[in-house]
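Participant: These are the residues of each chain, in order.
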Amino acid sequence: MRKEFKGLMVLMSLVALMAAGCAKEEVIKKDEPVVQQQTVKQAEPVAQVAAPPVQTVAPVVAPVQEQVAAKASEAVSLATVYFDFDKSDLRQDARDALSQNAEALLKKIAGVNIRIEGHADERGSDEYNMALGDRRAKSAAKYLTNLGVKADRISTVSYGEEKPAVQGNDESAWSKNRRAEFLIVQ
Amino acid sequence: MKRIIRLLFGLALLCSLTGTAGSATYIEVTAPGNRLLRLAIVPAQPLGATIKPELANEMAEAQVFDLTMSGLFTAERRDAAPLPQGLGLSVIDYIPWLSAGYDLLIRGEYELRGDELTVEFRLFDVLSKRPLLIKRYLGSRTDLRRFSHSFVDELLATLAGERGPFSSRILFVSTQSGNKEIFAMDWDGHHLQQITKSGAITISPDVSPDGREIIFTSYKRGNPDLYKRALSSSVDVPLSTRPGVNITGAWSPDGTKIALGLSKDGNTELYLINRDGSAPERLTVTQAANLSPSWSPDGSKIAFVSDRLGRPHIFIMDANGGNVRRLTTNAGNNFNPAWSPKGDKIAYTHQSGGFQIFVINTDGSGDTQLTSEGSNERPRWSPDGRLIAFSSKRGGNEAIYVMRADGSGQTKVSRSGGNSTHPVWTPHH
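Protein sequences appear in the order of chains F and H. Here the working numbering runs 117 ahead of the position in the first sequence, where the first position is 1. Here the working numbering runs 77 ahead of the position in the second sequence, where the first position is 1.
Just so you know, these hints were derived from the structure itself, not from any lab. All values reported here derive from a predicted model rather than from experimental measurement. In this text, a Cβ means the ideal position worked out from N, Cα and C, and glycines have one as well. Just to be clear, a hint being listed does not mean it is correct.
[As the list claims (entries may be wrong)] Derived contacts from chain H toward chain F, CB cut-off under 10 Å, selection only: (1) ILE278; (2) LEU349; (3) ASN410.
[What the hints assert, rightly or not] Derived CB-CB ranges, DEER-like: (4) F/GLY265 - H/SER254: 43 to 53 Å; (5) H/THR333 - F/ASP210: 24 to 34 Å; (6) F/ASP210 - H/THR488: 43 to 53 Å.
Isolated chain F (complex conformation):
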């Protein structure tokens, strides 16, 4: 009984924290000097912010604290960002995904560090692709720090073409392999 109560308290505080996060978010957005993202942010986060609390509230019955904590970080999956061939600059869809990721990193998972893994498709030499993956990871990292994520929470590594997400020798495979992935490390 006591254990359950404790779990509930944790849950409630978690929900409260999230609510606070939501409130704070508005403030950050208004203060943020970057205007270009405004439109996208309005459309995207609404759905996103609404969804997780439902998920966290649902397992209210779940009594154990660890389980809740695990659920909370599981609920946050950082979006993979995709690039054009031989490019490391960020497309609009990449900027949108990074904004989502930044939001999560600033609120839901404000305590974690991440590693950004830069990848390339199989075209180009192995080492050229390592340099390219490095540029992609750093490009994504820079965007996150511009959105307020502290640089010391982010590390980068390039795998070049060594770890394709999809096997294949055509554009449909390549387009999925030119990417930056975001891994929670702590």
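Starting from the structure of chain F, add chain H where the hints point.
Facilitator: Only chain H this time, still in chain F's reference frame:
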């Protein structure tokens, strides 16, 4: 100890024979017209009680392959009656070889005692009816291919003025054991040996000019870092573990410096570091990627890949970073430059669809495509510049191939499983 003494004795004998038979420099043996010299190889005959025709056959076949790939000979294995007095005392009857149209003849003799192998090879000029080269080798049975290659290398020095590359080994990257690791093999694919066991992606080997150490990039600690290892050791020494990439390390010809690509300051730029990894000196300053350095043989210049003008091209600069100029003028997507040992050419990979190997003069003229079948990458010159090793995907797995410098004679040499890539020759020694 006894074995070492024997080996020293053998070496001394070898030297003395070189002195007398080779008479130092190069004997001009040329075939009339433009035809290749015809060379017959008779499998070595046994001396003593142990008769192992398979050893003689293996030596002859290794030499036929070497000589054929040299591009100077039509080499054929020919059986002949053993010389009754042995190689040393018999008089060679040149007439049958002359009438069969041969210019040159190799005969040999071997003695196997337990595991100890002694081999002597002799090269004869059929036309002038005299021996041109006599070499005697002492070692163990497993050395027989090495002896065979070594004799062909000496033969090329005698007949063409420069040693052959066939005693060299090729280091390369193979997925045979799972992840990419560095392996070594004889130039013709024999004596496969796994060098690194990092358990992580390990690529881009380069060999020190003295042939004793290799450098390579490995993810064994999570980041693409540069390591060094003595070939006689199994310890990887971290050389450059700077944040970002530490890739495409290339030893300077004098062995004192290593050029490599580092992204510690943002994008990938070329730096020089000392052979212990210290004192990075930046060579390029761009907003682009700069990597894959290849030194000119005199150490004064470096060819490299850069996408500073858009598509990746091959550039050349002074070894201190000055006088940068673009070498390739095609549509771009050029990688992996390799400066020829003679200094006059640069081989590289060009990509349009698949990869193909090109060679271009260092002044930008004479751009020539050498490969067209399948996808071919990463040319690397043999130490004498006669051959180019590369990786090729023609149907099945990627494998190491070797061709002559003019693109002829493209032959698969690796016998390892998985994909084999990133070949590099060990230097003459």
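Participant: Tell me, which hint numbers fail for this structure?
Facilitator: 2 and 5
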